[in-house]
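Engineer: Each chain, letter by letter, is given below.
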Amino acid sequence: MSNQALIQASGLNRFYGKYHAVNDFNLTLHKGEVLGLLGPNGAGKSTTMQMLTGNISPSAGEIKINGIDLLENPQQAKKSIGYLPEQPPIYRDMTSNEFLSYCAILHDIPKAKCQAVKSLAIERCGLGDVADKLIANLSKGYQQRVGIAQAILHQPQVVILDEPTVGLDPIQITEIRELIRELGKDHSVILSTHILPEVQAVCDRVQIIKQGKTVFSDSFDQLEKRQLSPVLMVGFDAVIDKAELSSLAGVIKVDELTKNRYQLTFKETPIASAVSQLSADKGWKLNELTLQNESLEQIFMNLIHNEVLPEGEG
Amino acid sequence: MNKVFTIAISEFKRLFNSPLAWSVLAILQFILALMFLMFMEEYIAVIQPATATMQNPPGVTSIVLSPLYLWAGIIMLAVMPIMTMRLFAEERMNKTLTLLLSSPLSSTQIVLGKFIGVIFFIILIVAMMILMPLALTVGTSLDWGVILTSSLGLFLLLSSFAAAGLFISSLTSQPIIAAVSSFGLLLFLVVLYLSGSSQSNSSELFIYLSHFGHFLPFLEGVFDTSDLVYYLLFIVGFLVLAIRKLDNDRLLG
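Protein chains in written order, with the working numbering: chain B, 1 to 314; chain Z, 1 to 253.
It should be emphasised that the hints constitute simulated quantities derived from the structure, not laboratory data.
Accuracy of the hints is not assured; some may be wrong.
[Unchecked claim] Only pairs whose alpha carbons sit at most 25 Å apart, straight line, appear in this in silico BS3-like list of lysine-lysine:
| # | chain 1 | residue 1 | chain 2 | residue 2 |
| --- | --- | --- | --- | --- |
| 1 | B | Lys185 | B | Lys113 |
| 2 | B | Lys140 | Z | Lys3 |
| 3 | Z | Lys3 | B | Lys113 |
| 4 | B | Lys113 | Z | Lys245 |
| 5 | Z | Lys245 | B | Lys282 |
| 6 | Z | Lys245 | B | Lys111 |
| 7 | Z | Lys245 | B | Lys18 |
| 8 | B | Lys79 | Z | Lys95 |
| 9 | B | Lys133 | Z | Lys245 |
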């Protein structure tokens, strides 16, 4: 049954009063997959995750976790989920050790297995040195790790992490990303974030949400293929004639950024040499010539700002 | 059920992680002990000589211990809201409620677990109170029946405070608001009793509705099942409301 979806959510809708936070959202997660949920602030990522973990009910729609209906049989379904919300749900007045023991019992782990499960989670999240310290005295990064340890403690099939690297230092971010990649080997992971490089680093597949709607859902390579036209940044010391720039072969658009600095959008044919030639001929004193391949950020921005793309929706 | 007790024990233990429970217990014991000594002195200096010639003089239990239990009930009007305010409001404020909500637990298990945690604390308070009459056994014989019913009455009264406080705590995400509102609710029930038993405007219904009306018979050593049923209904009623509130949060929250 390896091709059976671990999470199958269809037609999810959620209203907060009149505000339509999530609009007809579909999500499928397969075994061993790391899915990145992307979107600007307020796109409905957290709401979606809260629905998938049974913290709030969808206004309409259906969620199946590992084949079990989350709405009809929540207790059974929740056993296969580990969830780290935006703010780690940790009791600051307990030690990590106590806290994880408490979580273990809440998740129906038999007493005999408690210790083993706990040490595994502590080891995986690198909490060994601080296991007996009060959580309140731990740094933000360690608190985040306790939150992750709590989510993976009962070895759920699906781990749902809501912005797991927020507020961490670069070293910790790298470590947590490594942990997520490792988790992806034997668990399925849903990761929400608005940090694009993070998705690039760990996810197999991305789903981009905008105002509660899916605007893109496909693997990473597909996203990179969406690259539109490349861009060339040029700057001159002298005053130039914009019309002459746009008359170069292959140039689609010329935008003036600041005084005498332009952004050329062009098609296929490399135009850098043509631009420098033109500059030399006219004596414009070229001082900047930067080729920019469209970054993930720009693709993302295009997706967010443009209308919903018909293809690749899923 | 295993999980309910796990939550209860964890709640109870966590109470003692902060100085709150310790200071509440200490101050409570100090004030009640002062009152106990005051009542004792009055009994020894005034009441005992005055009633010594009576055929069947009132004993130390009804003169000293009944008012002590009554005062304990009154003081707890202010203390219980502080003990219950954190239950849900603080978890909401710190966003830790998610842990319980995303664990394989029903709302009933969560509410019961938290309630039983407070019950443990109430048992501790009542047990510490019984120490005072126990100290008297050195010098005199006591009416253990009255002490038993008084303790049971106090236990039921405090449990009803706890249930009401727990429900109100589930309504808000500000512990202080939860404390003030549950104090208001409890005080309102006392006012019901006062207005129900006032000379000009007495009302059986008001007295029946108020929890103090059902507490006083216990202090006289009367164990009436209707009083017991009143408290059980009161507690179950508020717990069910709290469970409904948690369920509702998923739909509307």
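Engineer: Of the hints given before, which are not true for this structure?
Structural biologist: 2, 4, 5, 6, 9
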